[in-house]
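Asks: Sequence:
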Amino acid sequence: MNEKETTSTHRKDIQYVWGLISQSSAIDEERNNISLFNVIDQISVSSEGFAGDGKTKVNMPHEISLTWRRTVGVSLANKPVSFGCRIELVDPTGDVLEQVTKTFKLQENSRRTRQRIRVDGFVITEPGDYVYRVKTKEDDDDDFQTVNEIPFEVRKQ
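So the sequence shown is numbered by my numbering: it starts at 272 and just counts up by one.
Calculated directly from the structure, the hints in this document are not laboratory data. Note that this is a predicted model, so its numbers are computed, not measured. Where hints are given, some of them may not hold.
[Unchecked claim] Heads up, simulated DSSO-like pairs for lysine-lysine below, C-alpha to C-alpha not over 27 Å straight-line: (1) Lys326 x Lys376; (2) Lys427 x Lys283; (3) Lys283 x Lys350.
[Said to hold, decoys possible] Computed beta-carbon distance windows for the label pairs: (4) Trp289 x Lys326: 40 to 46 Å; (5) Lys350 x Gln294: 31 to 37 Å; (6) Arg340 x Val310: 20 to 26 Å; (7) Ala297 x Gln370: 31 to 37 Å; (8) Asp312 x Gln378: 49 to 55 Å; (9) Arg426 x Asn303: 33 to 39 Å; (10) Thr364 x Glu301: 25 to 31 Å; (11) Lys427 x Ser381: 42 to 48 Å; (12) Asp366 x Gln313: 19 to 25 Å; (13) Ser353 x Asp400: 31 to 37 Å.
In this text, a Cβ means the ideal position worked out from N, Cα and C, and glycines have one as well.
Turn these sequences into a full structure, and let the hints guide you.
Replies: The following block contains the structure:
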C-alpha cells in the first residue's frame, strides 16, 4: 500500500461487511436473501498453466459478492449514497494483475446493499496466495482506500 492508503472497513457513509468469491449466486429480492453456489477459496491449475514466464488466463467464470451497510441508521440519514468500488486482483508477489472499477449506490431508506461483480476467469502468474483487494472511494475522497481483501489460493496440479 502506498502512503496515502489506509485500511479500514469503516468509511464515512458506508461500511464494508463481507465479500466472497463463488462460482455463481442468486439474490431473492422478495426475502432479501442471497445464495452463494460453490464458494471458491482455492483453485488448482495444471502445470502447463505455469509454463510461461508471464500471465496466464484461467477460464473459470466466477462472481465476487460484496455486502455494504450504512454507518448511520436510516432514521437519521436516509439519503442515497454513491461510492466508487475498485477490485484489484493481486498475485503472491504483490503485483496488481487486473482491476475493475464500478460505482455502487445505496438506495434511499436502505440499510444495506449487495453487489455482484461477474468475472470471466482468473489471471495467474505463479502458485500461491492471491487476493481480490476491495477499495472504496466516496464522492469527496481523492483516492481509493483499501477496506478488505478476499483471499484465495492457486495450487499447481
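Asks: For every hint, state whether the structure bears it out.
Replies: The hints, checked one at a time:
1. Annotation: proposed proximity of lysine 326 to lysine 376 is violated, straight-line Cα distance about 33 Å (limit 27 Å).
2. Of the supplied pair hints, the one linking lysine 427 and lysine 283 is violated, its CA atoms being roughly 42 Å apart against a limit of 27 Å.
3. Our distance criterion of 27 Å between C-alpha atoms is met by lysine 283 and lysine 350, whose separation comes to about 14 Å.
4. Distance hint for tryptophan 289 and lysine 326: a CB-CB separation of about 28 Å, inconsistent with the stated range 40 to 46 Å.
5. At about 36 Å, the CB distance of lysine 350 to glutamine 294 agrees with the hint of 31 to 37 Å.
6. Checked against the hint of 20 to 26 Å, the pair arginine 340 and valine 310 passes, with Cβ atoms roughly 21 Å apart.
7. The hint said 31 to 37 Å for the Cβ distance between alanine 297 and glutamine 370, and at roughly 26 Å that hint is violated.
8. For the hinted restraint 49 to 55 Å between aspartate 312 and glutamine 378, the CB-CB distance of approximately 31 Å leaves it violated.
9. A beta carbon spacing of about 36 Å between arginine 426 and asparagine 303 agrees with the range 33 to 39 Å that was offered as a hint.
10. One distance hint, 25 to 31 Å for the beta-carbon pair threonine 364 and glutamate 301, is violated here, with the actual separation near 45 Å.
11. Taking 42 to 48 Å as the suggested C-beta distance range, the pair lysine 427 and serine 381 conforms, at roughly 44 Å.
12. About 20 Å separates the C-beta atoms of aspartate 366 and glutamine 313, a value consistent with the hinted range of 19 to 25 Å.
13. For the pair serine 353 and aspartate 400, the beta carbons lie near 33 Å from each other, so the given range of 31 to 37 Å is met.
Violated hints, listed in ascending order, are 1, 2, 4, 7, 8, 10; each of the other numbered hints is respected by the structure.
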